[in-house]
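S.K.: Read in order, the letters of the sequence shown are residues 1 to 272 in this note's numbering.
Hints in this document: simulated from the structure, not taken from any laboratory.
Any given hint could be a false lead.
Unchecked claim - Simulated crosslink set (DSBU-like; lysine-lysine; CA at most 35 Å straight-line): (1) K180 x K41; (2) K180 x K218; (3) K256 x K218; (4) K214 x K180; (5) K256 x K214.
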Amino acid sequence: MSFKDLLKKPLILFSGSYGVDSFVMFEGDILVHQQYDTWGKVLVVDHDGQRVLSFDSLYEQSRMDLHHPNRLVHDYTRAMLLGLALGEPAHVTVFGLGGGCLVRAAHSINPELHIQAVELRAAVAGIAQDYFGIPTSERIAIAVADGRDYIVEQPSASTDLIFADMYHAIRADPFQMQQKFFHESRRVLSPDGWLVINCHELPPADSFFFRSLKQYFKVLLVCTVPGGNYVFYAGKSGLNRPQALFEADIAAFELKTRTQLAFLLENFAPVP
Numbered sequence: 001m002s003f004k005d006l007l008k009k010p011l012i013l014f015s016g017s018y019g020v021d022s023f024v025m026f027e028g029d030i031l032v033h034q035q036y037d038t039w040g041k042v043l044v045v046d047h048d049g050q051r052v053l054s055f056d057s058l059y060e061q062s063r064m065d066l067h068h069p070n071r072l073v074h075d076y077t078r079a080m081l082l083g084l085a086l087g088e089p090a091h092v093t094v095f096g097l098g099g100g101c102l103v104r105a106a107h108s109i110n111p112e113l114h115i116q117a118v119e120l121r122a123a124v125a126g127i128a129q130d131y132f133g134i135p136t137s138e139r140i141a142i143a144v145a146d147g148r149d150y151i152v153e154q155p156s157a158s159t160d161l162i163f164a165d166m167y168h169a170i171r172a173d174p175f176q177m178q179q180k181f182f183h184e185s186r187r188v189l190s191p192d193g194w195l196v197i198n199c200h201e202l203p204p205a206d207s208f209f210f211r212s213l214k215q216y217f218k219v220l221l222v223c224t225v226p227g228g229n230y231v232f233y234a235g236k237s238g239l240n241r242p243q244a245l246f247e248a249d250i251a252a253f254e255l256k257t258r259t260q261l262a263f264l265l266e267n268f269a270p271v272p
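From just these sequences and the hints, can you work out the full model?
M.R.: Written out as C-alpha cells, the structure reads:
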C-alpha cells in the first residue's frame with residue numbers, strides 16, 4: 001500500500017474524547033496505527049490535517065503537515081535545520097529518527113545530501129517509512145541501532161553534521177548530554193563539522209554539559225526556540241568567524257532554500 005493510500009485508510013475515528021490506554025484522544029482525532037515493542041507503545045494519530053507520532057505520553061515525538069510533508073511544523077526542528085547553514089555539509093548523521101521530519105526537510109533542500117539516520121527502535125523506523133513518508137533514495141539510510149554503540153563504530157571524520165534528537169517518552173536520552181557523546185561526535189565529524197543538539201530545557205551555566213562541550217568544540221552557539229526548547233550548535237573549528245557571519249550564512253541559506261528560518265536569528269547567540 002502506498003503512502004497516499006495509507007492517508008485514506010485510518011483505522012479508528014473518534015468523534016469525542018476517548019482514552020487509548022493512557023493516551024487521550026480528542027474530537028476529530030484519527031488513530032492511524034498503534035504498535036508495541038520492548039520500550040512500550042508507539043502511536044500514530046491524525047488531527048486537523050497533521051500527523052503525530054507519540055510514545056504513549058503527554059508529549060509528541062514528531063508532527064507532520066499532511067498537505068506539506070517537507071515543511072517543518074515545530075520551531076525546534078526549524079532551529080535544528082539551521083545546522084545546514086553553518087557550512088556546506090555533504091554527509092549528515094541524524095541520531096533519533098522519530099517521524100523523520102529532519103530527514104525529509106534536509107533531503108528536500110538538498111537531494112544530493114547523504115543522510116544517515118540512527119534509530120534505537122525498529123518499530124519507529126518502520127513507522128517513519130510506512131506512515132510518515134521517508135523518501136526512498138540511495139542517499140538516505142536508516143540504521144536500527146543504539147546510538148551509544150553506533151557512534152563508536154564510525155570512522156573518524158566520516159560525517160559533516162550531526163543532529164542529536166534522541167528522546168524517549170518523557171525525556172531526552174541522557175547519552176546525548178554526556179561527555180562520551182561529545183568526544184565521539186568530535187572524532188567522527190570532519191574538520192569543520194558541527195554537532196547540533198536539541199534540549200527541552202536549559203542546562204545550568206556551570207553544568208558539566210557546558211564544560212564538556214567547550215572542552216571538545218571551539219565554537220558554541222544557542223538558539224532559544226520560541227515556545228520552548230534550546231538548540232545548541234557546537235563547531236569543531238568554527239571557521240574563526242564572528243557571529244555576524246553566521247547570521248549572514250543563515251540569511252543566505254533562507255533566501256536560497258526558502259525555508260523561513262531567519263525569524264530565529266533574534267534568538268540565536270554565542271554561549272559565553
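S.K.: Determine for every hint whether it applies to the structure shown.
M.R.: Results for each hint:
With a C-alpha separation of about 29 Å, the suggested pair K180 and K41 falls inside the 35 Å cut-off, and the hint holds. Taken as a hint, the K180 and K218 pair is honoured in the structure, with Cα atoms around 17 Å apart against an allowance of 35 Å. Between K256 and K218, the direct Cα distance comes to roughly 28 Å. Compliance with the 35 Å bound is thereby established for this hinted pair. Note on K214 and K180: the hinted pairing holds, with a Cα-Cα distance of about 13 Å set against a maximum of 35 Å.
For the hint pairing K256 with K214, the CA-to-CA distance comes to about 31 Å; that is within 35 Å, so the pair holds.
Comparing the model with each numbered hint stated earlier shows that all of them hold.
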